[in-house]
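Engineer: The sequence shown begins at 1 in our numbering and counts up one residue at a time.
A portion of the hints provided could be inaccurate.
Mimicking EDC-like on lysine to aspartate or glutamate, the simulated pairs with C-alpha atoms at most 16 Å apart in a straight line are [unchecked claim]: (1) Lys134 <-> Glu85; (2) Lys134 <-> Glu157; (3) Lys49 <-> Glu104; (4) Lys49 <-> Asp86; (5) Lys77 <-> Glu104; (6) Lys134 <-> Asp86; (7) Lys49 <-> Asp68.
These aren't lab readings, by the way, just hints derived from the structure by calculation.
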Amino acid sequence: MSTPLSIRGLRRHYRLEQPVLEGVDLDVRPGEIVGLIGRNGAGKSTLIKLALGLLQPHGGTVRVFGLDPLAQPVEVKRRVGYVAEDQILPSTLCVDDLLALHAELFPTWEPAAAESMIERFGLPRRRRIHALSKGQARQVALICALAHRPELLLLDEPASGLDPAARREFLELSIERLSGAGSAILFSSHQMGDVERLAQRIVFLDGGRVALECPVDEIAARHSLAVVRGRWEAAQFAQLPWVLRVRRREDFTHVVLAGNADDAARELGAGFGCTIVNSRPLPLEELFVELTGAER
1 MSTPLSIRGL RRHYRLEQPV LEGVDLDVRP GEIVGLIGRN GAGKSTLIKL ALGLLQPHGG
61 TVRVFGLDPL AQPVEVKRRV GYVAEDQILP STLCVDDLLA LHAELFPTWE PAAAESMIER
121 FGLPRRRRIH ALSKGQARQV ALICALAHRP ELLLLDEPAS GLDPAARREF LELSIERLSG
181 AGSAILFSSH QMGDVERLAQ RIVFLDGGRV ALECPVDEIA ARHSLAVVRG RWEAAQFAQL
241 PWVLRVRRRE DFTHVVLAGN ADDAARELGA GFGCTIVNSR PLPLEELFVE LTGAER
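All chains, full assembly: derive it from the sequences and hints.
Structural biologist: Given below as structure tokens:
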């Protein structure tokens, strides 16, 4: 099976002096669930839209199952499912009519799967899309994305704004429907709990590039935080490739490290004479906060 999504050297800017993506490389393999994280404006939505062929890159390549989504849009979209936070559905169609339209567009549409999800969500079949609640409209979009059993599912903050129970069901249904079929899933989210629970690997975008990539179950083992007494500057640790970020916090400095907490603290203490107040492994949410948080 060809790689569901392969991105090389991807660049996209909205103004020349403000690149959104600047040389991104990313692969999503068959059967893999990848969580795409980053602060607002990091380029997560842009990357997903480029993968769908909704935007044109300013450099680099995007291939979906070896196909160019701009040159072969129909072939790509028939193999891909997509749900976004701001996705617009035809507002005057009722639920049944919208699903019937998708059934005509996708040769692999499974009526029984669509029927099962309608019943599971308890959707009003004859109600027009504009009369649905936000959560119901998102559920309809998910059915449209899943009922043709896509080989690649792209989810761009699809459950944002939903309550925790609805958000969990939304994301878990996506995985449940596609598990075992070799389908790949790339989803962006600000909910680190969702990413930790559902993703196999995380890709962290920052500064237009992939700043971090790691299997979810290895994050805490591979990343740690040393709290150092005093106000240290990042330049003082510049020669250390395993120092990921230095952040001053009042009378202390937080040093984010790639490596075991004890080993990293020992290196800082021995090599720089730092007084280590404490060191500990970093789970995903703390790692995200430390890498993106502002100075204080």
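Engineer: Now tell me, hint by hint, if it's right for this structure.
Structural biologist: Do the hints match the structure? See the list:
1. Lys134 <-> Glu85: At roughly 10 Å apart (the allowed maximum being 16 Å), Glu85 and Lys134 satisfy the hint.
2. Lys134 <-> Glu157: holds, 14 Å
3. Lys49 <-> Glu104: violated, 24 Å
4. Lys49 <-> Asp86: Holds - the C-alpha atoms of Asp86 and Lys49 are around 12 Å apart, at most 16 Å.
5. Lys77 <-> Glu104: holds, 14 Å
6. Lys134 <-> Asp86: Between Lys134 and Asp86 the Cα gap is close to 10 Å, so the pair holds against 16 Å.
7. Lys49 <-> Asp68: holds, 13 Å
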